[in-house]
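If you read the protein sequences in the order shown, they are chains A and B.
The working numbering puts the first residue of the first sequence at 1, with every later residue one more than the last.
The working numbering puts the first residue of the second sequence at 300, with every later residue one more than the last.
A couple of the hints might just be wrong.
Stated by the list, open to error - So, partial list: chain B residues that the calculated Cβ filter (under 8 Å) puts toward chain A:
no.: 1; residue: 328
no.: 2; residue: 451
no.: 3; residue: 459
no.: 4; residue: 558
no.: 5; residue: 583
no.: 6; residue: 600
Unchecked claim - Stretch by stretch, here's where chain B covers chain A in the computed footprint (C-beta under 8 Å, at least three residues):
no.: 7; region: 130-144
no.: 8; region: 151-157
no.: 9; region: 258-264
Said to hold, decoys possible - Each pair of labels, with its calculated beta carbon distance range:
no.: 10; chain 1: A; residue 1: 125; chain 2: B; residue 2: 520; range: 42 to 48 Å
no.: 11; chain 1: A; residue 1: 76; chain 2: B; residue 2: 473; range: 26 to 32 Å
no.: 12; chain 1: A; residue 1: 76; chain 2: B; residue 2: 387; range: 56 to 62 Å
Quick caveat, the hints were computed from the structure, so don't treat them as lab data.
We treat Cβ as the ideally placed atom computed from N, Cα and C, and that holds for glycine.
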Amino acid sequence: MIARIAVNQQPGNVPRTARKRSQWLLAWDRYKQNKVAVAGLVWVVIFFIFGVIGPWVAPSSYATTNYLMANHPPTWAYPMGTDSLGHNMLSEMLFSVRYALEIAVFASLAAFLLGTILGLWAGLKGGLADTILMRVVDFFFAFPAYFLDLILVTKFGRGLGPMIFALAVTGWAGYARLIRGLVLGMRNGEMVEAANALGASPLHLARKYVFPNVVSNMIIALAFGIPSDLTVQAALSVVGMGLNPPLPSFGNMIAAAGSNVLGYPWLMYWPAGIFAITLLSFLFVADGLQEALNPKGGS
Amino acid sequence: MQTAWYVVKRLFTMLVTICVIIAVSYILMYLSPGSFFSVATIASAMSTLEVENPKLYQEYINSFLSRYGLNQPLWHQVLQYVWHSITFNFGNSFTYPTVPIINQLKTAFPISAELAFGAVVLGVVVGIPLGILAALYRNTWVDSVLTSVSMIGQAIPAFVTAVFMVLIFGVYIPGVLPINGWGTPQQAILPILALGLGNIGVVTRYMRGSLIETLRQDYMRTAEAKGVKYWSRILRHGVRNSLVALMTVIGPAFGFTVVSTVWVENIFSIPGLGSLMATAFVNKDVPLAITDVFILALLILVTNFLVDIGYSILDPRVHLT
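Put together the whole structure using the sequences plus the hints.
Right, dumping it as C-alpha cells:
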C-alpha cells in the first residue's frame, strides 16, 4: 500500500523505495524463523496494548482504596486480590503497565535521540569536540547508572517526569559511544570519502550515508535499552526510591510483596510474574532483532 | 616497564574519575531545592537528640558546620568534601550522628563484597562447564535448553529472583533455608544464588560463543590431525584459549553484580552496604548516601582494573595502552 502511494506520487523514486522495503522484509523473514523471538514479540505487543487501554479498562482508579477488603485473597470482584490498603491489584497492575511503559519508552527515546545526535556529531567532527564528549561518556560509564539515578530522583523527585529525566540522563552515553564507534569505522571508508569528494555537506553526509548504515545497530541498542530502563525504574523501588506512591509501579508492588510474601503471597504472583515474563520477552525480541538485522555478525 | 607505566596511568585516571563522581554527587545533592546540606536539614534529622541532650546536639551542629564549611563558597565545599572522601575521612552521618560513617562501613562492606565476589565466582564455576556443554552439543536440545535458561537468568533482575526465592523457601517449603538475615553460611546461600543466576547466564552464553569460535580455528584441526585425544583437545587447546576472552566479561559482570547486591540485600534483610544505602537515601542522609555510592563505585573500578591487569598477564598479545 505504502509502495503504491510512493509510486503514484514520485515515479522517480520507485527503485529505491522498492529496495528499501525489501531489505526490511528480508530482516522480517529472518526474524520470523526465530520462534522464541516471535513469542516475545507477541507478548510485547500485548503489553503495549494494555499500556494504552489499561487505564480505561481498569475496574477502578489506582488510588481507590477499600479498607474493609484490605489484604484479601483473589475473589470475583478482585481477581488479583487486594493489598494492605485495599487497592484492587488488577487496577494497580493495569496502571503499572501504562506507567512502566511511559517511563521506559520515553526515557529510552530521549536517551537514544540525545546519544545519536551527540555521537554522530562527535564521530563526524572529530578533534576537540570528540575528545571532550568521550571524556564525558567515560564518566557516565564509570559512574554506575543505578547510583546516579538514585541521586537524581532524590534531587528531582519521584514523579513520572523526573523519573524519565533521570533514566534519560544516565542512558544516553551508551548510545553515543556506540554510534560514534560506528561512524568512525565508516568515516574512513570509501563511500564517505567519495561523498566527501563530491562536496557533500556534513549534514547531508550524516543523513544520507552514515545514518542509514548504522540504523540497524541503533535499533538493536534501543531494543536492549527499553528492558534495561524497565529494570532500573523497578529497582529504584527496592530501596524505596521508586515511583512516588500512590502511583503504582511494578517495582513498588514487587518491593511491597517481598516484605509481605509470607502472609499474602498473591500480592507477588502477578506483579513479579508478569514483570519477569515482560523482561524476558523484551530480551527475546532484542536478541531476535540482533540476529535478523545483523546477519553478518554474531553466532 | 610498559606495564608499570600503564598501571600508573590507570591509577591516576581512577583517582580523577572517583573525585569527579564524588564532586558530581555532592553538587547534585547540594543544589537541590532546599539543600540537604543546611543546618535545618541536619537539625531535623537530629530532632530526637535535641530533646534528649541539647548540649551534645549543639556540639554536633557546630561540628557539621565546620566540617562541611557551609558558609564557604560551593567550590571550596566541594574540594573539601572530595578531599575528605578520598582520604577516607567520612565524618558522621545525619541519622546516626554519634557513629562515624567509617564504622558503619567496616561492618557493612565485607558483607557486600562477600556477596558480590561469591556470586561472580559461582557464575564462573557453574557457567564455564555449562558453556562448554552447550558449545559441544550446539544446535541440539541440550544447547537450546542451556541457552534459554541462561537467557532467563540474564533477563530477570536479581530482586525478582530473590522475591521468588522468598516465596518458595518461605511459603512452599519453609524451614529448608533461611530467607533473611546474615551470619551463618546457610543464610548466604539464597542471596548468592539470586545474584549468581545472572552471572551464570552471562558466563554460559559467552563461553559457548567463544568456544564455538575457538573450535573453528586451524590449530584445532591440526591438533586433531596430530592425534590429540578428544578431551585433551577440547580442554587444553579449546577451553584454555576461550577462557582468556572470558576475562573481558568478568569486569562488567562484577559491576552489575555489585549494583544487584544492593537490591538483594534489601529483599533478604542483609545488613550490608545496600541496606545502608536504602536507609540513607530514604532518610535523605546525604553524607552516608554519597559515601556509600563512592565505596561501591570504588569497588567496581578497582576490580575492573585488576581484571584488566590479569587479562594482560594471561594473554600476552593484549597490549595495555
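Quick rundown of the hints versus the structure:
Contact between residue 328 of chain B and chain A, as hinted, is supported at the beta carbon level, the nearest pair being about 7 Å apart and thus within 8 Å. Residue-level restraint check for residue 451 of chain B holds (minimum Cβ-Cβ distance to chain A is 6 Å; threshold 8 Å). Hint status for residue 459 of chain B: holds, given a least beta-carbon distance of 5 Å to chain A, under 8 Å. Annotation: interface hint on residue 558 of chain B holds; nearest CB of chain A at approximately 5 Å, less than 8 Å.
With a cut of 8 Å, the hint placing residue 583 of chain B at the interface with chain A holds, because the nearest CB-to-CB distance is about 7 Å. For residue 600 of chain B, the interface hint holds, since its Cβ comes within 8 Å of a Cβ in chain A; the closest pair sits about 7 Å apart. Check on the region 130-144 of chain A: 5 of its residues sit with their Cβ under 8 Å from a Cβ of chain B, so the three-residue criterion for coverage holds. Requiring three or more residues with a Cβ within less than 8 Å of a Cβ of chain B, the coverage given for the region 151-157 of chain A holds, as 4 such residues are present.
Chain B is given as covering the region 258-264 of chain A, and this holds because 3 residues of the stretch bring a CB closer than 8 Å to a CB of that chain, at least three being needed. Distance hint for residue 125 of chain A and residue 520 of chain B: a CB-CB separation of about 47 Å, consistent with the stated range 42 to 48 Å. Between residue 76 of chain A and residue 473 of chain B the beta carbons are some 30 Å apart, a value that agrees with the proposed interval 26 to 32 Å. Checking the proposed 56 to 62 Å range against residue 76 of chain A and residue 387 of chain B shows it holds: the Cβ atoms sit about 60 Å from each other.
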